Each structure stands twice: as C-alpha cells, then as structure tokens.
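Asks: Here is how the chains run, residue by residue.
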Amino acid sequence: MTLEQIFQNVVEGEMAAVEAGVRSALEQGIPADRILNEALIQAMAKVGRLFEEGEIFVPEMLFAARAMQTGLKLLKPALAATDVQSAGKVAIGTVQGDLHDIGKNLVVMMLEGAGFEVEDLGTDVPPEKFVQAVQNGAQVIGMSALLTTTMASMLKTMEALRAAGVREHVKVVIGGAPVTDAYARKIGADAYAADASVATRIVRQLIA
Amino acid sequence: MNALPPPGRPVVILACRVFQHWLENLLQAWAGAPPALTFFDYGLHAVPKNLRQTIQAAIDSVDQPSLIVLGYGLCGNGLSDIRAGQHFLLIPRTDDCIAILLGSYQAYRREMDREPGTYYLSKGWLEAGTNPLRESQKLAEKYGAEKAAWLMEVQYHKYRRLAMVARDGDELERYRSQAEAVAAYCARWDMRYEELLGSDGYLLRLIELVQSDGAQPGEDFLLIPPGGLLEQALFVRTD
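Those protein sequences? They're chains A and B, same order as listed. Residue 79 in the working numbering sits at position 79 of the first sequence; the count goes up by one each step and never skips. Adding 208 to a residue's 1-based position in the second sequence gives its number in the working numbering.
Don't read these hints as lab results, they were simulated from the structure. Every value quoted in this text rests on a predicted model; they were computed, and no experiment measured them. Ideal Cβ placement from N, Cα and C applies to all residues, glycine included. Heads up, some of the hints might be wrong.
[Unchecked claim] Listed next, the in silico EDC-like pairs over lysine to aspartate or glutamate satisfying Cα-Cα at most 20 Å (straight line):
no., chain 1, residue 1, chain 2, residue 2
1, B, LYS350, A, GLU55
2, A, LYS89, A, GLU119
3, B, LYS355, A, GLU12
4, A, LYS156, B, ASP321
5, B, LYS366, A, ASP120
6, A, LYS186, B, GLU439
7, B, LYS366, B, GLU402
8, B, LYS350, A, GLU60
9, A, LYS156, A, GLU128
10, A, LYS129, A, GLU159
11, A, LYS186, B, ASP289
12, A, LYS46, A, GLU12
13, B, LYS257, A, ASP195
14, B, LYS257, A, GLU52
15, B, LYS346, A, GLU60
16, B, LYS350, A, GLU12
17, B, LYS355, A, GLU60
18, B, LYS257, A, GLU55
19, B, LYS366, A, ASP124
20, B, LYS366, A, GLU119
21, A, LYS186, A, GLU168
22, B, LYS355, A, GLU19
23, B, LYS257, A, GLU53
24, B, LYS257, A, ASP181
[Unchecked claim] Which bits of chain A does chain B cover? Going by a derived footprint, with three or more residues having C-beta under 8 Å, they are:
no., region
25, 57-69
26, 97-104
27, 135-149
This is chain A alone, in the form it adopts within the complex (with noise of 0.2 Å):
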C-alpha cells in the first residue's frame, strides 16, 4: 500500500482501507510521521478543500474525517516515540446549556487531522472548563452553540476568561449555526469559524 493510495482512500473515507494501509504502511518501514504528513494531513486538506468548494457536504467530509482518526490511532504509538511537533493545543467545547455537538466533533476532527493537538471538552462546557483549558496550555479557544439562547454563554465564557487574567494568552474562535461574524466582534472573540473547514483555516492563521 502506497501513501498516495492512503490518502486516497481518506479522502473517499474509507476506513477500513486506511486502516490496512496505515497498517502496511508501517510494516513496510515507512516512518509514522511521513504516513501522516503525506497521507493523513494532505488528504485532510484537499477534503477541506473540496468541502469549501462545495464539491463534497457534511457526510463526506465526517467519513474522511473517521478514516484519517482510525489511521492516526495506529500512528500514535509510534509517533509518541519520535519528536513530532504538533501543530498547536486548541480547546474546544459546546457551551453550557447547549447540547449540540455534531458541528463541534466535525471541528475537532478537521484539526486533528491538520496536526492540531485537540482537547475536546464535550458539550454543556461552563466558562470555567474553558479558563481551565487556558491554564492548561489551551493556545486556542473553540466554542459552539446552536441556539440564540445559548449564545449568552458564549459571551459569559469571554468574560470569565478575562476575569482570570487569561484571555491575552489565548485566542477565542467561535461558530455555530445562529452565529455570526458580528456576534464574535460584539463578545471580543478573535474570530468566526462558518465551518469545520474555515475553522481549521483560522485556527492555523491564529497561531502562525
């Protein structure tokens, strides 16, 4: 099984086909940080990509997503073992009150597989959860809500992370299906993320 063949089939989100390759590739000798940063990140970048373009929707881009974790799950092991930087620490939660959370496991996916080191918080996440992210090495902040009624947690999280003195070391992304580009600006988030794809996208410029 070649790299090229892996990242083909994570772009067509095929699991069990990643799984045998990345399992080939590894029998094979080829090292753990080649078969993800030419397989698994690249693939997850053209799936971003296509998503943006509009060639692929929601489903499409979830199956890849599946595909690269199962193929990152047998890397880690040996990537643990190597020195392979991550891409940066970002923390990331549906805010308290909300229990959505698709929109939420397609982010932490997308940034896992553009390298990110991803603490997912789960859903109904309260503002200290958040500061505590921080205070943990949380370079990057994600917050979700999928009601205008939940939305106001968003807000209360801001104002939790400077009441602890945290916000300047952190940068807050949000996004979510009532939110918008203004409501970021209004609550002092750094940015608005319109999709796991865009938010990837941003979190990268955020912390370049």
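Fit chain B to the known structure of chain A by using the hints.
Replies: Okay, now just chain B, sitting in the frame of chain A:
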C-alpha cells in the same frame, strides 16, 4: 420600535410548509380579501444560504409595496440578512419552528429547561420525511449501511427525548403510529418518547398583528420597515 403599517397594504405570506395546515385553518376567519399565501419546501433550512436566496427572491418578486409575513424563525441564519426593499417584513422572533409549534417562546424555553436534548417531531416533519428513521434509510441508500449507521450515531446519540408536537388530540391520534415508529428506531440512543400538545397561539397572535391598525410588534415579533434589513442580532434575546 416601529408600528405595523395602517391597513390597506396588500398582505403576502411566505411560509415554511410545516405551518401550512395551521395557517390555512387560521386564515379561514380572515375578513376581506385573503392574503396571498406561498409555502416553501421543508428542507430548505438544511442549507441556510438556499433558504435565504429563496425567500429574498420571493420578497423581491412582489410588485406592490406590501406587508410580507414570513412564516419562519431565524432557521440557522437562513432568515438573516434579508432585505425588506419596498415592503414591511413581519416575522416571529424565534430560533426555528419549534417555538411556533409549541405556541410561544416561553413554552419553548420551558421544554428546553425540562430536556435540552430533545428532538422534535410534528405532522409537517413526518410528512416531509424529515425524521431520524427516514434519514437513516436515505443515508443507507446513499452511503451503505455501515456508514449510515455511524453517521446517525454521531448526530443523534446525545438526544434524550423524542417529542411529538401536535395541534390537538385528533392530530396526535392520526400521526401516533408514524411517530412511534421513529421512537422505536431512536430507542437505540435511550431516547424516551413523549407527546406534547402544541398551540396555534403564536401564529394566531401573528395573524392578529397583521390585521391590527398600527399595533406594536412587541418582543415576540420583528417588524422591519421598508429599506430595512432583517439581521441575526434582532433575534437574539437576552433573557
């Protein structure tokens, strides 16, 4: 705050098909020439940009300066950045159709407090085939069983309650077996099934407002005057 324009302007209703049955019933009591009524497909909100384009095109195609009633909520920002043009726009101030089906914003908040992880069903959604059971079948046809099952799991495993909202007991009776079939499918995520009686109170207040003489829209409706812009920020409540 703007007041409704005095009567005399033509009334045009552009609404989601989910409200067709309810609106047609309410409008039977309308005095005088009935408003022009257009319903749009249920599924438009899946791509909010398409919903926005469809509604904006429908508004722009109304020749005479009118009072245009939008039978929608914010619907994932599908109804934000809509230009009024030469018309007045009137719309319920709500995230989506759930509050309208339940009868008020307060009723929606109550249900959300009771169980935030609720997936709602209604007659309209059942007829449109927009429910987890039908969705799983469509996904399986398109992507195969394994991918479909996984995709359903990713989307729905956090929901804890499936709530069927009906207008009255008769409607519940007629749609119960369909709703229960969906409930049986959703039992895999430990979602419990509940039946809720909705209310046409929200739509009734909307119709009353339209027929009023210069009334204020109040906090449950948004009124956009000619030249104005319907924006997301207007929908956001602080309570």
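Asks: Against each hint, give a clear statement of whether it holds in the structure.
Replies: Hints versus structure:
no.: 1; hint: LYS350(B) / GLU55(A); in the structure: 16 Å, holds
no.: 2; hint: LYS89(A) / GLU119(A); in the structure: 8 Å, holds
no.: 3; hint: LYS355(B) / GLU12(A); in the structure: 12 Å, holds
no.: 4; hint: LYS156(A) / ASP321(B); in the structure: 19 Å, holds
no.: 5; hint: LYS366(B) / ASP120(A); in the structure: 15 Å, holds
no.: 6; hint: LYS186(A) / GLU439(B); in the structure: 14 Å, holds
no.: 7; hint: LYS366(B) / GLU402(B); in the structure: 17 Å, holds
no.: 8; hint: LYS350(B) / GLU60(A); in the structure: 11 Å, holds
no.: 9; hint: LYS156(A) / GLU128(A); in the structure: 10 Å, holds
no.: 10; hint: LYS129(A) / GLU159(A); in the structure: 13 Å, holds
no.: 11; hint: LYS186(A) / ASP289(B); in the structure: 17 Å, holds
no.: 12; hint: LYS46(A) / GLU12(A); in the structure: 11 Å, holds
no.: 13; hint: LYS257(B) / ASP195(A); in the structure: 13 Å, holds
no.: 14; hint: LYS257(B) / GLU52(A); in the structure: 14 Å, holds
no.: 15; hint: LYS346(B) / GLU60(A); in the structure: 15 Å, holds
no.: 16; hint: LYS350(B) / GLU12(A); in the structure: 14 Å, holds
no.: 17; hint: LYS355(B) / GLU60(A); in the structure: 10 Å, holds
no.: 18; hint: LYS257(B) / GLU55(A); in the structure: 16 Å, holds
no.: 19; hint: LYS366(B) / ASP124(A); in the structure: 11 Å, holds
no.: 20; hint: LYS366(B) / GLU119(A); in the structure: 19 Å, holds
no.: 21; hint: LYS186(A) / GLU168(A); in the structure: 17 Å, holds
no.: 22; hint: LYS355(B) / GLU19(A); in the structure: 15 Å, holds
no.: 23; hint: LYS257(B) / GLU53(A); in the structure: 14 Å, holds
no.: 24; hint: LYS257(B) / ASP181(A); in the structure: 15 Å, holds
no.: 25; hint: 57-69; in the structure: holds (count 4)
no.: 26; hint: 97-104; in the structure: holds (count 6)
no.: 27; hint: 135-149; in the structure: holds (count 3)
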